[in-house]
Amino acid sequence: MKRVNVVVLGGGLVGCAAAYYLARRGAGVLLVEQGDLNREASGRNAGSLHFQLEYRLIRYGDELASQFAQIIPLSLVALADWRGLEAELQADLEVGMHGGLIVAESEADVALLERRQALQEKWGLASQLLSAAEVRRMAPYLAESVIAAGYFPHEGHANPRLVAPAFARRAEGLGATIQSQTRVTGLMRDGAQWVVTLVDREGLVREVSADAVLNAAGAWAGEIGALAHLHLPIFAVPLSINVIERAAPLIPHLVQHASQRLTLKQVAAGNVLVGGGWPSRFSREGSTMSARRRAEPVVENVTANLTLAARLVPAIGGLHLLRSWTGITGITTDQMPLLGAVPEAPGLFVAAGGAAFTHGPTYARLVSELILDGRPSVSIDLYSPARFSHINNFMASV
Amino acid sequence: MAANDQQGSDATCEVAIIGAGPSGLAAAAVLREHGVGVTVIDEQPRAGGQILRQPPKSFSVAHWLPAKLYDRVKAALHAVSEQPHIDWRFQSTVLGIMRPSPYRRSGGGAHELWIQGPAGCYLLRANAVLLAPGCYERPLAFPGWTLPGVMGAGAIQGFVKSQQFVPGNRFVLAGSHPLQLVVADQLLTAGAHVAAVVFTQRRQQAWRMLRHPFVALRHHRQLLETSRILRRLRRADVPVVFGHTIVRADGANAVENATIAEINPSGVTDRHKTQVFECDRIGVCHGFLASSELARQAGADMHWKDHAGGWVARHDDWLESSIRNLFVAGEITSVDGADAALEKGRIAAVGILRSLGRIDDNRARNLAAVARKRLSRLQDFAAVLQQLAQPPANLALQAMSDDTILCRCESIKLGELQRALADNEHILSADAAKLLTRVGMGLCQGRLCGDNVARVIAETRGLQPNEVGPFQAQAPVKPVPLAALVRGRCG
Chain A
1 MKRVNVVVLG GGLVGCAAAY YLARRGAGVL LVEQGDLNRE ASGRNAGSLH FQLEYRLIRY
61 GDELASQFAQ IIPLSLVALA DWRGLEAELQ ADLEVGMHGG LIVAESEADV ALLERRQALQ
121 EKWGLASQLL SAAEVRRMAP YLAESVIAAG YFPHEGHANP RLVAPAFARR AEGLGATIQS
181 QTRVTGLMRD GAQWVVTLVD REGLVREVSA DAVLNAAGAW AGEIGALAHL HLPIFAVPLS
241 INVIERAAPL IPHLVQHASQ RLTLKQVAAG NVLVGGGWPS RFSREGSTMS ARRRAEPVVE
301 NVTANLTLAA RLVPAIGGLH LLRSWTGITG ITTDQMPLLG AVPEAPGLFV AAGGAAFTHG
361 PTYARLVSEL ILDGRPSVSI DLYSPARFSH INNFMASV
Chain B
1 MAANDQQGSD ATCEVAIIGA GPSGLAAAAV LREHGVGVTV IDEQPRAGGQ ILRQPPKSFS
61 VAHWLPAKLY DRVKAALHAV SEQPHIDWRF QSTVLGIMRP SPYRRSGGGA HELWIQGPAG
121 CYLLRANAVL LAPGCYERPL AFPGWTLPGV MGAGAIQGFV KSQQFVPGNR FVLAGSHPLQ
181 LVVADQLLTA GAHVAAVVFT QRRQQAWRML RHPFVALRHH RQLLETSRIL RRLRRADVPV
241 VFGHTIVRAD GANAVENATI AEINPSGVTD RHKTQVFECD RIGVCHGFLA SSELARQAGA
301 DMHWKDHAGG WVARHDDWLE SSIRNLFVAG EITSVDGADA ALEKGRIAAV GILRSLGRID
361 DNRARNLAAV ARKRLSRLQD FAAVLQQLAQ PPANLALQAM SDDTILCRCE SIKLGELQRA
421 LADNEHILSA DAAKLLTRVG MGLCQGRLCG DNVARVIAET RGLQPNEVGP FQAQAPVKPV
481 PLAALVRGRC G
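In order, the protein sequence lines correspond to chains A and B.
Residues 1 to 398, numbered by my numbering, are exactly what the first sequence covers, in order.
Residues 1 to 491, numbered by my numbering, are exactly what the second sequence covers, in order.
Extracted from the complex, chain A is given alone in its bound form (with noise of 0.2 angstroms):
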């Protein structure tokens, strides 16, 4: 049986992120892919860099907002690790770091605003609050209708489609070990080991022992859970995500808004992607939802996101919509990232959900620190499944 350090199971960013940052410290790593690398949500989302609170975040009231925002501190993290992750990779990630602003179209707009301020403050976070006329002098492009916005100076996007694979790339250099369209069928303790059973592409199995396993596998981080007999509660939700034609250069900003969904941004190649939370749609197999087949879309959500981006940003309406995609991302109960080691069982770590393309490389860095040294350079305790014990009290031990 083949011995590897660190089974990565997973082939999105984080995971092929974590397969980096262990290899780079000696480690021998085996990433395991089901599909293709970076082919569901890191290499599908919009690539926003955002480390004020999304609306997703303050949406439901004042008191979830100030529980949603212990994110903050690991935003910092975050934010820091993009600013050199370029240098460190030696790729172009086509990263943009131009500044945020989330903009306020009414008077509650504005009160939701400056209690999203007091809350990130609070945190550690310090942002503006930007009048019509200083929205306008910045910028020009949006509409009369946005009358105040909030502005932190660090925030814009990367691009997805080339964050991951540089990981892989790098990783690979490190000696690590990638198997791409590779299920994982079975993960079994044996003795201090891991015992992960592979089935690849041809139908051949084979087990992979590993001193610890770490279940990167996003929104599918609850059927890996599921394996070793334990609840690992994140659910898969379905995005829907629209990309713009070409145009010239007029949106620096990562635009969002302060009480609807809305990401807006114009990347490298001159294309506005639009987003922000939209549903799709998991088609139906049998009696329950499948999050395995392609989300579909849903033509209502499209058009709503899309109208609200033309109102905000009328020189976008003469454009065309070039192409709409789905894409199923992983979201806990809590809302928190899962990050850590499962209490339950010693050796199995993971790192899921949440808004993990901002957060990606840096869950990727700290639980990697975790796994090697016993602890990370930075406490992610509030971020530990040790928080879900209640659950899986009643799984443990089998």
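Hints should not be assumed to be uniformly reliable.
What the hints assert, rightly or not - One-sided excerpt, in silico: chain B residues whose CB lies under 10 angstroms from chain A:
hint: 1; residue: 14
hint: 2; residue: 426
hint: 3; residue: 442
hint: 4; residue: 481
Unchecked claim - With the Cβ distance kept under 7 angstroms, some of the chain B side facing chain A (calculated, not the full set):
hint: 5; residue: 114
hint: 6; residue: 480
hint: 7; residue: 483
hint: 8; residue: 490
To be verified - Take a look, some chain B residues computed to stay more than 10 angstroms from chain A by CB distance:
hint: 9; residue: 103
hint: 10; residue: 108
hint: 11; residue: 143
hint: 12; residue: 376
hint: 13; residue: 410
hint: 14; residue: 475
Because the hints were derived from the structure by calculation, they are not lab data.
Only a predicted model underlies this, so the values are computations on that prediction, with no experimental measurement involved.
We put the beta carbon where it would ideally sit given N, CA and C, even for glycine.
Got chain A sorted already, so can you dock chain B onto it with the hints?
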């Protein structure tokens, strides 16, 4: 006409037919005879598809081209194309065939079409859909193919037929499909100069096939027409060159000449044996690819029929795809030509009547019997033609050099794709290559580069093109103006 005034409103129809070519129109006629409500959607301003391409009613040059081929199809379709009891929706693009939500009770209808019409985007539900989107020319990427003046032979024909306009002065036609003979003939008739017609096939190979007793007996009309055209080309001193392929187009700002090279008996292009023809237009003619994007987007099972259209839809005896009440007809099932498309449309219409419970099995069998018999004969001929028209294996790959533009929307060169494949050994699919290199991400959504990209990946990885797969098709399958979305009724 009950036509365009309905556009912009959401509604349910009985049968929606996508494509007003031979298949779609033949199906519409059968369905109307049985009193079924029919909505026909087409991108063009008039019915008829590519084969009946006609100029706008207000503009037409008398005695432009004498009609010769397809007169039977034309006669059969003329009647239905002006039918007032059909809900015609012209200048309309189907952006996607959507599944109604299984989580919400509403309206009925098996499918929901996302349509961009002149008044904006809207949704239309249908109890059954017939998808008959036709095909387009298989592009060959070669050095200089993006120069202005390089066209598809069919596109040149489109200008001559529907615009009554000769788009150039001096033409070279090059490829493997006999259509280029017809186009050359039409160009001559319209007064253009044809510098050469170049076939990849060797002369003996072509004649052996055509002299096949089966073909000679049953398809003497087509054979006769072919020899008449060849005679006319000879009389006009047009060189018809066999066993050669186009290897480059050159010119300062547009095509000034075409270089062809000999293909040796083992199918390898010999770049030392070349001829150069002065010309301002090159018509490339290597057969057709089925317009498969809507079928793929809808999730229908597809299969690979290399020189019969690339990715085509699987179907049962009634031309129902793997998706219930989504029928397919015409070139989307296999590029068999207009006559066959007509019969497929008739069979699919009977299948729809049967599926909607309008007729029983017995009646359906009887109704479709004649069309089936004709179709079977036509498909035998189509199979011979496909074999005859098939370019040498690897022609597409041999045609390209390292700096040939593969994806013209995104300006991705062959070398860039090959380097990405070398650097990322895990890339096994067209979609994975697209994600890494932007190949296929542009305005044409991969229609122009998809086939060549799949061939490059397959060759590099030692796979078959069908294992590499087509690009995933997503709605909207064609670019749509934001203004049409905002103005429409889908919000």
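Outcome of the hint check:
1. The criterion of a C-beta within 10 angstroms of any C-beta in chain A is not met by residue 14 of chain B, whose closest approach is roughly 21 angstroms, and the hint is violated.
2. Against a cut-off of 10 angstroms between C-beta atoms, the interface hint on residue 426 of chain B holds, since the closest Cβ of chain A lies about 5 angstroms away.
3. At a threshold of 10 angstroms, the smallest CB-CB gap from residue 442 of chain B to chain A is about 8 angstroms, leaving the interface hint in force.
4. Hint on residue 481 of chain B holds. Least Cβ distance to chain A is approximately 5 angstroms, under the 10 angstroms limit.
5. Checking residue 114 of chain B against chain A by beta carbon gives a least distance of about 5 angstroms; that is within 7 angstroms, so the hint holds.
6. With 7 angstroms as the threshold, the beta carbon of residue 480 of chain B comes within range of chain A, its nearest partner Cβ sitting at about 5 angstroms, so the hint holds.
7. The interface hint given for residue 483 of chain B is met, as the beta carbon of that residue sits about 6 angstroms from the closest beta carbon of chain A, less than 7 angstroms.
8. Interface hint at residue 490 of chain B: satisfied, since its Cβ lies 4 angstroms from the closest Cβ of chain A, which is below the 7 angstroms cut-off.
9. Here residue 103 of chain B does not stay apart from chain A, with its beta-carbon only about 7 angstroms from theirs, under the 10 angstroms limit.
10. Look at residue 108 of chain B: its CB is around 17 angstroms from the nearest CB on chain A, clear of 10 angstroms, so calling it non-interface holds up.
11. Look at residue 143 of chain B: its CB is around 25 angstroms from the nearest CB on chain A, clear of 10 angstroms, so calling it non-interface holds up.
12. Under the 10 angstroms C-beta cut-off, the non-interface status given to residue 376 of chain B relative to chain A holds; the minimum distance is some 36 angstroms.
13. Not every C-beta of chain A lies more than 10 angstroms from that of residue 410 of chain B, the closest at about 8 angstroms, which undercuts listing it as non-interface.
14. Not every CB of chain A lies more than 10 angstroms from the CB of residue 475 of chain B, the least distance being 6 angstroms, so the non-interface label is violated.
In terms of the numbered hints stated before, the structure departs from hints 1, 9, 13 and 14, listed from lowest to highest.
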